[in-house]
Amino acid sequence: MAKTHPAVSNGVAPRTAPDQPNAEPRLGEKERFMLLLIAPAGIVLVLFQIVPIIFGANASFRDWQLFNPAQTWVGLKHYLYILSDSTFLTVVLPNTFLLMFLSVTLSLIGGLALAHYLHRNFAGQWLMQTIILLPQMIAPVIGAMMMRWVFNDQFGVVAAFLDWVGFGPISWLAQRWPSFFIVIFTDVWIWTPWFALILLAGLRSLPREPFEAAQIDAAGAWRTFTHLTLPMLRPVIAVCVLIRSIDAFRTFDVVWILTGGGPARSTEVFSIYTYIETFVNLDFGRGSAAAIIGALIILAVAGAMYKVAGRVTDVSR
Amino acid sequence: MPKRKGLVRLQLSAALAIWAASWGSPAAQAEEALNICHGGHPIMVASQKILDKWAKKENVKLTTTLIAYDVYVPKVTQMLTTGSAQCDIIWHNDDWGQLWQQYLVTTDDVAGIGNVATQPLDAFWNDQHKLTVVPMAHTIGTFFYRKDLISDAEVPKTFTDIVQIGQKLQKEGKVKWGYVGGMSFNNTWFTLWWTMWNNGCDIFKPIYERDNKVLAANGWTSIIDQPCHQQIVDFWWDALHKDRIAPEATTTYGRNEANAIFMAGDAAMTVADSTFWGDYNDKNKSRVAGNIGMAPYPVGPGRSKPITWLDIWGWAIPKSVSPGHQALAKKLLGETLTDEDGQLQMWNETGGPPPNVKIWDRLTASDPVFRKLKEVVFDQDHAHAAYYFANWPKVHKAYSDAVIKALTGKREDIPGVLKEGAKSVHDAAVAQ
Numbered sequence: 001m002a003k004t005h006p007a008v009s010n011g012v013a014p015r016t017a018p019d020q021p022n023a024e025p026r027l028g029e030k031e032r033f034m035l036l037l038i039a040p041a042g043i044v045l046v047l048f049q050i051v052p053i054i055f056g057a058n059a060s061f062r063d064w065q066l067f068n069p070a071q072t073w074v075g076l077k078h079y080l081y082i083l084s085d086s087t088f089l090t091v092v093l094p095n096t097f098l099l100m101f102l103s104v105t106l107s108l109i110g111g112l113a114l115a116h117y118l119h120r121n122f123a124g125q126w127l128m129q130t131i132i133l134l135p136q137m138i139a140p141v142i143g144a145m146m147m148r149w150v151f152n153d154q155f156g157v158v159a160a161f162l163d164w165v166g167f168g169p170i171s172w173l174a175q176r177w178p179s180f181f182i183v184i185f186t187d188v189w190i191w192t193p194w195f196a197l198i199l200l201a202g203l204r205s206l207p208r209e210p211f212e213a214a215q216i217d218a219a220g221a222w223r224t225f226t227h228l229t230l231p232m233l234r235p236v237i238a239v240c241v242l243i244r245s246i247d248a249f250r251t252f253d254v255v256w257i258l259t260g261g262g263p264a265r266s267t268e269v270f271s272i273y274t275y276i277e278t279f280v281n282l283d284f285g286r287g288s289a290a291a292i293i294g295a296l297i298i299l300a301v302a303g304a305m306y307k308v309a310g311r312v313t314d315v316s317r
Numbered sequence: 001m002p003k004r005k006g007l008v009r010l011q012l013s014a015a016l017a018i019w020a021a022s023w024g025s026p027a028a029q030a031e032e033a034l035n036i037c038h039g040g041h042p043i044m045v046a047s048q049k050i051l052d053k054w055a056k057k058e059n060v061k062l063t064t065t066l067i068a069y070d071v072y073v074p075k076v077t078q079m080l081t082t083g084s085a086q087c088d089i090i091w092h093n094d095d096w097g098q099l100w101q102q103y104l105v106t107t108d109d110v111a112g113i114g115n116v117a118t119q120p121l122d123a124f125w126n127d128q129h130k131l132t133v134v135p136m137a138h139t140i141g142t143f144f145y146r147k148d149l150i151s152d153a154e155v156p157k158t159f160t161d162i163v164q165i166g167q168k169l170q171k172e173g174k175v176k177w178g179y180v181g182g183m184s185f186n187n188t189w190f191t192l193w194w195t196m197w198n199n200g201c202d203i204f205k206p207i208y209e210r211d212n213k214v215l216a217a218n219g220w221t222s223i224i225d226q227p228c229h230q231q232i233v234d235f236w237w238d239a240l241h242k243d244r245i246a247p248e249a250t251t252t253y254g255r256n257e258a259n260a261i262f263m264a265g266d267a268a269m270t271v272a273d274s275t276f277w278g279d280y281n282d283k284n285k286s287r288v289a290g291n292i293g294m295a296p297y298p299v300g301p302g303r304s305k306p307i308t309w310l311d312i313w314g315w316a317i318p319k320s321v322s323p324g325h326q327a328l329a330k331k332l333l334g335e336t337l338t339d340e341d342g343q344l345q346m347w348n349e350t351g352g353p354p355p356n357v358k359i360w361d362r363l364t365a366s367d368p369v370f371r372k373l374k375e376v377v378f379d380q381d382h383a384h385a386a387y388y389f390a391n392w393p394k395v396h397k398a399y400s401d402a403v404i405k406a407l408t409g410k411r412e413d414i415p416g417v418l419k420e421g422a423k424s425v426h427d428a429a430v431a432q
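Chains B and E supply the protein sequences, listed in that same order. Numbering-wise, the first sequence is residues 1 to 317 according to our numbering. Numbering-wise, the second sequence is residues 1 to 432 according to our numbering.
Nothing false has been slipped in among the hints.
Just some of the chain E residues that point at chain B, by a computed CB distance under 10 Å:
{"hint": "1", "residue": "Val71"}
{"hint": "2", "residue": "Val73"}
{"hint": "3", "residue": "Thr81"}
{"hint": "4", "residue": "Trp96"}
{"hint": "5", "residue": "Ser184"}
{"hint": "6", "residue": "Asn186"}
{"hint": "7", "residue": "Pro247"}
{"hint": "8", "residue": "Thr252"}
{"hint": "9", "residue": "Glu257"}
{"hint": "10", "residue": "Ala264"}
{"hint": "11", "residue": "Asp266"}
{"hint": "12", "residue": "Ser400"}
{"hint": "13", "residue": "Leu407"}
{"hint": "14", "residue": "Thr408"}
{"hint": "15", "residue": "Ala431"}
Everything labelled a hint here was simulated from the structure, so no lab data went into it. Predicted model only: the values in this text are computed from it and were never measured. C-beta: ideal position from N, C-alpha, C; glycine also.
So here's chain E without its partners, still in its complex pose (with noise of 0.2 Å):
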């Protein structure tokens, strides 16, 4: 027995010593390695693969943590939070901007920095007006119908040529519905908050402002009940219990219905993120691919002209990541970001536009497809697609709750409903 308890020991200290030597040499030492964490969305994927091309060359090895996107927030703000080093690169959001901002690094000493559009930054900049994000592809709402079913000139303009449209399509038979799109939470821009945008209303007064002080200055009132929203929860009323151009069941839609109901070739019109455009347009997945037009917003009575969301999904390095890897992961964003080839790539797998705006002429001169988006998104008026504090998941929340209460309810509850969903919503935003 003793003699085995030696063998253990003497097995036990040369394994020991063999790590402790491997350790420190310089074979081991010669590799540096990043993690990733990220959502796994394609274009998150496409994005990584530009990294990993030039972490190849810096002789870095990229691996990757994916993170459910349910848990994302929580998982990412407990980890850095804590000073957790579990992830060296996050994805990152304009939703989270101001959440994060105190625990990530700064990167306006990025390379490629100054080449991307500066108005989704807004999101991201920190209390010292630093910025916290380096862009990977654009996030934007487009508004999509099917060109075999409205020509050029039908195309809708206003929210009631959409009703008209929607109407007479499903009249002749061509459609079981006019428009569809995702209202359930989380999925309130599909529906509920483009119009809202094109009908010149927004959540809190002033419109389409988003500087928290001036938020504050005027005590976070939620302007859901005046008549520029009130308009636009009478149309979707309408729409869904009146005119039915839309499913009854749209308020438990989300994007997955959504699609296939659009993709289903049963819905002329929908909005959505413009990298569906080739899902839409896949003809494995979609039986109206090929037949996928292009619009700016219809506007409603508030509004004269569209008006459209433009945002970045991007990539962030946390402070509690060694000063080494913060370096090694800024010099890496930086390649991506002035890589046109590699973007150029990701714009083609995935219809996410590239951040760096010096490739947009060779997009627009070469690709029609980029041309179209950049004519009726980029080409727009636009707003930001969430505000930018802390309650603001809290705000959204009693916001979906509120609205959707109301295009549940009865028609003539809609004024009341709305009063008292307009006190949630500031209450959720002064919330301590």
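The shape of chain B in the complex, shown without the other chains (with noise of 0.2 Å):
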């Protein structure tokens, strides 16, 4: 609740310092020090996110060729272009939503899985811990880019393996499905311990006493998990999954280094879609208005899943 000046509540108007040399400041000494403090985060927020939207979404009115910055107003061109651009409409936006909802979902899986598992007392489950998050703390691109070696048609691993047992090299990034599922793959391998961590963490802050009473109630484990433990963490559930949908929404890096989003496009995702416009064919001017297209469908997709979770969350109270 805000403060409301005395004067400010009668209808009166505060009068001028002049006058009243001991006039209570706007900011307390205390918000002046909070608003000092937020400055610096404030500042960088400005210069490296507000300032450049500003500048994206002006370039994406505008014929902006990066070699030729006439910067002529084209009002809504570059948006009725992407918006009639059969790629963008049947290929990139498919292929971003199905990555988002496969990688997701399965990550979640898993990471649910393993955060059980590592919620048990055994011998070396700190070593196991270790391991199990040795992905994410890798970065992306030298992920990606293992992962393009290990499913290599001449020299990865996977091949050998197939050849092996004798099926003979598969040319995964030759084709759609196959390059997809790697990308999928990687993505999950990637982002399936965080989901862990943060599952585990949730895990070992719910209370004993529920768990006990199912124990002596002679409950299954499955029933267990099915009937208290996934409800309980519902709220760690969809904060995870709000947070990971919108960061998977503009998957770039794993993308771009396994499959250009190739062959011949049939895996862009809305990243690379924008990152083609912009500094492959350097047209400032079309990448923006791509840019502003994707962030407007994120904005609308966390919109609703945001609310959702809102519920999940109220009713998990």
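Each of the two chains sits in its own frame; use the hints to bring them together as a complex.
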């Protein structure tokens, strides 16, 4: 609740400082100190987030080729082009949502399983925990590079194994769905530990009493999991899914390194589309419009998910 | 407290005074500094060594800013269009010759510029027909083969020979693959394009034409759906899926993958930049070291004589640099261009053919590798490896997408995919 100046509350404007040398400043010392503390973060946010977004939004309405920055106003031309581009509508958007859905779902399932596994006392638990977390400690670019060679049709370990069992090498990255499978596999491999870590923290914070009661009632492991653990973990799961979904929507590094959006644009996702328009075709106008469209889509999706997450969290209270 | 504040102010004032004094002192002004921006390729590093030698003599300090290849064009384009003076000398390439021509200082007056090959300069003329580059080294695609597996008499002369020799060696169990080369986007030269040019074909009509006015007069019409081009797509489709002389995953290979296979001894033939000669013959990296041969390109049914691309990498000077630095940069680049020993050293270290053609006779007489390279590349017919207009990156991507779609689909769908692709390529060329 904000403090109301007594003079204002009476409908009388406060008098100026020269007449009242001891007048109370608008912000108290505490508020000013707080503002001072958040100022560096605020300045960084404005300079590196807000200003670029404003520049980008401005560029999206202009004919702005990087090599010829005429910056002529073209209105909604770029937006109309993208929204009528069949590749964007029939390949890029479906791929983006498919990647988001499958990556988040599979990472969640894997993370939940790992969290359960680690939520027990066994010898070498700390070692196992560290090993499981390794993919999360590697930069996604490096992880994707490793996977590209793991699935290489000539030298990869997967090719060697398939050869050994008599299948012969598979050209994983030469076809759409095998390439897409590797993209999802890599993304799940990188992000499952993140889910595991957060869900493990959630599991460890759950009260013991309901589980002891379930044990006394002779409830089986599966029943305990579905009727106790999952409902009690729902708020944590909801937040994890929300954060990771937004992140998965803008996945770039893994797709770029593994497939570059190919073969023939068949694994292109929203961020690759934007990158190609901006940095391959050097068209800042169209690239910015693509980025704004993507931002609006994820804003709508995140808004809906936020509402669902809010409801889930409320129900769980 | 006030005493401490006073002390801080005094220290600050003293520091400022010292800084101001040093700014104007003769010692600080004696040494000029030029910043070179490039992509870190060994040839660029070797060329910079020559520059550095002359810079020391001129009492100039050279600094370097390395820019990753993937972001080099957008970064430098942004720098040039915003008038930044961050780089005094930049790495330049024929692909971007026309993209940047209006932002670069002319170089017709650089010493030694008359001693370079003229055809590779086509990409670098500005609208006033002035040159905007100083050549650093030639970049040339070369057909390499395994001398221990293919005798002189067997060296392929045609596309059909490649298939026959490749399959023979595969059947004999000497190699896994007859041919390997990069094909994914930005590696198009090492499979699709050398065969395209050697089948009397090109991306736009008229073939081998690079004059934008002529290309525009022809409506930027793409001929990738015409028989001469369909033949090469059919050739590669068969090579990957029917004749199986190259891995199916070739469509995804960049240079690293292709070189790894060739250097592991798993393939008998490849096409790569001549600068890989050193790597292929390095016993620490390559199992086929000492067994590498070079030959003119095999030709397709549409051509009787080999044709190769011959282009250059170079240095350029942004207009946004101060006149003093422009003059200094030109002087250093001129000295580099006339430094025959420096260029010979660059050739020996990297395999980058020197830009100064006066050295070629010396090299031909003394160096068997250069003699062979001259025979298989310099003495052949030449095409350009790119088109020189602003939409070229867009065209390259559209071409790559179309052809890779054709090669990863059904053979009977190739004509339809190429027809669709010809339209995409045309649209990319004329896009505003």
